[in-house]
Amino acid sequence: MSEGTIKKFMFVNRTAPYGTIYALESLEVVLITAAFDQDVSLVFMDDGVFQLKKGQQTKGIENKNFSPTYRALDGYDIEKLYVEEEALAARGLTEDDLLVDVTVMSRAELGKLMDEMDVVLSY
Amino acid sequence: MLHIVNKSPLQRTTLESCLRVAVPGGAILLIEDAVYAATRGNAAEAQLRDALSRFKVYALAPDLDARGMGDRVMEGVSTVDYGGFVDLVAEHKNCQSWL
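Residue numbers (my numbering), protein chains in the order written: chain A, 119 to 241; chain B, 5 to 103.
No wet-lab data here; the hints were simulated from the structure. Be a bit skeptical, because a hint or two may be false.
Said to hold, decoys possible - Under the rule of at most 30 Å between Cα atoms (straight-line distance), these lysine-lysine pairs were calculated in the DSS-like manner:
hint : chain 1 : residue 1 : chain 2 : residue 2
1    : A       : Lys171    : A       : Lys198
2    : A       : Lys126    : A       : Lys198
3    : B       : Lys60     : A       : Lys177
4    : B       : Lys60     : A       : Lys171
5    : B       : Lys60     : A       : Lys172
Unchecked claim - Pairwise CB distance ranges (calculated):
hint : chain 1 : residue 1 : chain 2 : residue 2 : range
6    : B       : Gly88     : A       : Val237    : 44 to 54 Å
7    : B       : Glu79     : A       : Ser240    : 31 to 41 Å
8    : A       : Phe154    : B       : Asp54     : 48 to 58 Å
Beta carbons: idealized from backbone N, C-alpha and C, even for Gly.
The whole structure should be built from the sequences, with the hints applied where relevant.
Here it is, written out as C-alpha cells:
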C-alpha cells in the first residue's frame, strides 16, 4: 500500500447508545479509520455523552454491550476523546460517571477544535 | 389511557408533546431512550417531576440497566420489566405511542 497523507478526522457522537444504531456504527468506523493510521479525534456531545456512561448492562434488552470497546480504543492509538461539559451537566453526569479518561471541554472549545479538522463525520 | 414514550427528552420533543396532550389520571411509560427523562439531574427532571402529580409514571428497567442508569431513577417513578409492560398495556383501555 502506498503512503497516504494523514488527515485529521473528527467523529462527532451526538446520540445515546441502543435507542438507535448510530453509536455502534460510529465506533466501527472509528476503528476502521484508525487502522489506516489517521489522526482520529472523538467528540461526545449532547446525548452522545451517554455512550460513555459506566455500568451498562444490556442483557435485559438482548443487545450487545459495546461500551467496553471504548476502553480498548487506547490500544488502537485513539487517545483523543473529548466530552462536552454542558452536555454532562444537563444530564446529571460528571466525569466520574464515564468509563474512560476523557478531556472535558466547553462547547466553544469544541467548536474551535472542530474548525481545525480536515474531515468531520457526524453520528 | 397509557402513553408510551421512547425518545430522549433532550433530543426530541415527544415527551413534551405527550405531557401537553395527556389527560390527568392516565399513565406514562418511558422506554428506550426516554428512560433518561426519569433519571436524577437530567434537564427534563423538573418537567417529569411536575407530571408525577397528574400521572402514574413508569420506566422500563431493562432499558435503564442497559444505559447504566438503573441506580439513578428519580423518586416517584416506578420501574417495570417486560411483563409489567404487558400488564400496563392490558390494564388500560387504549394506548398511544409517541414515536
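Now the hints, each set against the structure:
1. A:Lys171 x A:Lys198: 17 Å, holds
2. A:Lys126 x A:Lys198: Roughly 11 Å separates the two Cα atoms, so the pair holds.
3. B:Lys60 x A:Lys177: Distance of about 27 Å is within 30 Å: holds.
4. B:Lys60 x A:Lys171: 28 Å, holds
5. B:Lys60 x A:Lys172: 29 Å, holds
6. B:Gly88 x A:Val237: 44 to 54 Å: Since Gly88 (chain B) and Val237 (chain A) have Cβ atoms about 46 Å apart, the given range 44 to 54 Å holds.
7. B:Glu79 x A:Ser240: 31 to 41 Å: Since the Cβ atoms of Glu79 (chain B) and Ser240 (chain A) sit about 37 Å apart, the hinted range of 31 to 41 Å holds.
8. A:Phe154 x B:Asp54: 48 to 58 Å: Once the Cβ atoms are compared, 50 Å apart, the range 48 to 58 Å for Asp54 (chain B) and Phe154 (chain A) holds.
In terms of the numbered hints stated before, the structure departs from none.
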